[in-house]
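Note that the protein sequences, when read in sequence, are chains F and B. The numbers in the numbering used here rise by one with no breaks, and the one at position 116 of the first sequence is 543. The numbers in the numbering used here rise by one with no breaks, and the one at position 44 of the second sequence is 119.
Be aware that a few hints might be false.
[Said to hold, decoys possible] Heads up, simulated DMTMM-like pairs for lysine to aspartate or glutamate below, C-alpha to C-alpha not over 25 Å straight-line:
{"id": "1", "chain 1": "B", "residue 1": "K284", "chain 2": "F", "residue 2": "E558"}
{"id": "2", "chain 1": "F", "residue 1": "K477", "chain 2": "F", "residue 2": "E561"}
{"id": "3", "chain 1": "F", "residue 1": "K555", "chain 2": "B", "residue 2": "E288"}
Keep in mind that the hints were calculated from the coordinates and are not lab data. Just so it is clear, the structure is predicted and the values come from calculations on it, not from any experiment.
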Amino acid sequence: MGLKSKLHTLKEKYKGKKMAPAFNALHTFLYLPNDTTHGGTHIKVADDLKRTMNIVILAMIPCLIFGMFNAGYQHYLALGEIEAASGFLGDTFWTLDNFIIGLIKILPLVIVSYGVGLGIEFLFAIIKGHEVEEGYLVTGMLVPLIVPVDLPLWMLAVAVAFGVVLGKEVFGGTGMNILNPALTIRAFLFFAYPTWMSGDKVWVHGAVERANQISEGAALDSISGETILGSYAQNQEIAYSLADMFYGLIPGSVGETSKILIIIGGLFLIFTKIGSWRIIVSTILGALVMGLIFNGVVDQGWIGETSKFYGLMSVPFWQHLIIGSILFGAVYMATDPVTASQTNKGKWIYGFLIGFISILIRVFNPAYPEGVFLAILLMNVFAPTIDHYVVQANVKRRMKRLKAKVA
Amino acid sequence: MALLSKKDSKLILDPLADNNPITIQVLGICSALAITAELNASIVMAISVIFVLGVGNVVISLIRNIIPSKIRIIVQLTVVATLVIIVDQVLKAYAYTLSKELSVFVGLIITNCIIMGRFEAFALGNGVWRSFLDGIGNALGYGVILIIVGFFRELLGSGTLLGIEVLGNPVDKTGLYAFGYENNGFMLLSPMALIVVGIIIWVQRHKNKALIEDH
Numbered sequence: 428m429g430l431k432s433k434l435h436t437l438k439e440k441y442k443g444k445k446m447a448p449a450f451n452a453l454h455t456f457l458y459l460p461n462d463t464t465h466g467g468t469h470i471k472v473a474d475d476l477k478r479t480m481n482i483v484i485l486a487m488i489p490c491l492i493f494g495m496f497n498a499g500y501q502h503y504l505a506l507g508e509i510e511a512a513s514g515f516l517g518d519t520f521w522t523l524d525n526f527i528i529g530l531i532k533i534l535p536l537v538i539v540s541y542g543v544g545l546g547i548e549f550l551f552a553i554i555k556g557h558e559v560e561e562g563y564l565v566t567g568m569l570v571p572l573i574v575p576v577d578l579p580l581w582m583l584a585v586a587v588a589f590g591v592v593l594g595k596e597v598f599g600g601t602g603m604n605i606l607n608p609a610l611t612i613r614a615f616l617f618f619a620y621p622t623w624m625s626g627d628k629v630w631v632h633g634a635v636e637r638a639n640q641i642s643e644g645a646a647l648d649s650i651s652g653e654t655i656l657g658s659y660a661q662n663q664e665i666a667y668s669l670a671d672m673f674y675g676l677i678p679g680s681v682g683e684t685s686k687i688l689i690i691i692g693g694l695f696l697i698f699t700k701i702g703s704w705r706i707i708v709s710t711i712l713g714a715l716v717m718g719l720i721f722n723g724v725v726d727q728g729w730i731g732e733t734s735k736f737y738g739l740m741s742v743p744f745w746q747h748l749i750i751g752s753i754l755f756g757a758v759y760m761a762t763d764p765v766t767a768s769q770t771n772k773g774k775w776i777y778g779f780l781i782g783f784i785s786i787l788i789r790v791f792n793p794a795y796p797e798g799v800f801l802a803i804l805l806m807n808v809f810a811p812t813i814d815h816y817v818v819q820a821n822v823k824r825r826m827k828r829l830k831a832k833v834a
Numbered sequence: 076m077a078l079l080s081k082k083d084s085k086l087i088l089d090p091l092a093d094n095n096p097i098t099i100q101v102l103g104i105c106s107a108l109a110i111t112a113e114l115n116a117s118i119v120m121a122i123s124v125i126f127v128l129g130v131g132n133v134v135i136s137l138i139r140n141i142i143p144s145k146i147r148i149i150v151q152l153t154v155v156a157t158l159v160i161i162v163d164q165v166l167k168a169y170a171y172t173l174s175k176e177l178s179v180f181v182g183l184i185i186t187n188c189i190i191m192g193r194f195e196a197f198a199l200g201n202g203v204w205r206s207f208l209d210g211i212g213n214a215l216g217y218g219v220i221l222i223i224v225g226f227f228r229e230l231l232g233s234g235t236l237l238g239i240e241v242l243g244n245p246v247d248k249t250g251l252y253a254f255g256y257e258n259n260g261f262m263l264l265s266p267m268a269l270i271v272v273g274i275i276i277w278v279q280r281h282k283n284k285a286l287i288e289d290h
């Protein structure tokens, strides 16, 4: 007897019992269900929720694999054991050693994220007596991509539990949440354990350990793994070339460094019509406009070179897109169909404000060099309001037209 | 014979659970968020409110028949303000550091909706003894939530309770910290107080389904 029929008999056996949702979820996740819809089916589409989720995950896999190589690369580079890679296909980057470090550090993050998150999803499905929802499949993959490599696993577990229960389940589960669960998890980590989520030590594997050894008196060189945003915020020299930033050979959260892979993933999402191109384009526009305004301020000489904002304000506006995680946020986070605006006009406003506010926070709040996640969470809250006014404006316009016709 | 009649004991017990001022009536949230980062601040706040509301209810109930109804709010405010100033002065005299920590929030007891609410809703229409019980009951209900929130916020946020190290010492990495545990800084921020209150409301409604409103 194969696994499929075994699962099927188990499913039949538990039908109507408390544990039923768990078996149903396993069965439909692994196989096509035996029973098809009968009766009045009105909408026929090829992609169900699971397939949608899988496409998003597929779009993120390159970022994850790149992140694994990058974790090892940054580690060995900081230790001075390898030369800096030249370009995207540099031969010191795509090495097995790099990948192994990444695998050891990042695979556990993925496993913990999925294990805890899906565990809670199953638990809630059983308590509530409805089917397990697929929403966590994407969240579970996003979470390891937006945290630093060296994040302790128990912190991740606590944050995932918090994010899934209070960010999603209390509102009624997938499709009902106001806030993006992955960003809720990141926000929790950021405010709960700031020493593990920001600063110049957390982005390179081994840097924290090395700092501890030095403080205990070991004669070692310290590892500096400052992100580019961090260096800018302190008006420091940038040690990385623009090409490095674009290819992603820089320290940062696991999956957000490689802009080229994010662009490929974004094109894939747009091509498959899973991600909204309106949101992606308008977010980028918003960021560019804010960057242009800051550049203008610098050009006019309204801000002195000694100002602590000078470094970030004088960054050429288009460079804001390749430093920090604004692109990652625009492609994978802002486009979350549940928490974004639903109307087309609303999507433009929603995306534009995300880009705009991200750069605003990035420049003006040195404590949060990366404002993208805060901007997206903020706009998540406002998305329903934006939709409301867009719909009302449409109603008003049509009422006017109707009146004009009658009169 | 029981100390209190059934009707009277209901006045004390109801606000503790099924008619709690914070979790059911959602009053007095501001101070619950602001001062619960430490357990001792929560306890002092709870005692202060118990005093103000208990005595205030008695005073209002005593003069309820001679207050002109048009200016009753002003009279009520005068009574609360007097009591709050007494509390504030006592704190300043005997617990100066705590009083600094609570800062404006002692003064803001005046605007605590629970107090004016009980004056208006209960003390103006009931006898002295029953008003006293009602005041104590509601203040206790408020205090219990404050203390629960303060307990979790201080324990998880600073690893201490009433200033005593419970989870070891983070500097020496003893106790739980030896396992790589860290304090949750989020717990010390006000939003987490709101979330803890939310969780208490969740648990309470889960236990007593009658509290869940119809949609």
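Against the structure, the hints come out as follows:
For the hint linking K284(B) to E558(F), the alpha-carbon distance of about 23 Å falls within 25 Å, and the restraint holds. Note on K477(F) and E561(F): the hinted pairing holds, with a Cα-Cα distance of about 6 Å set against a maximum of 25 Å. In summary, the hint linking K555(F) to E288(B) is supported, as the alpha carbons are separated by about 18 Å, within the 25 Å threshold.
Figure legend: structure checked against the earlier numbered hints; every hint is met.
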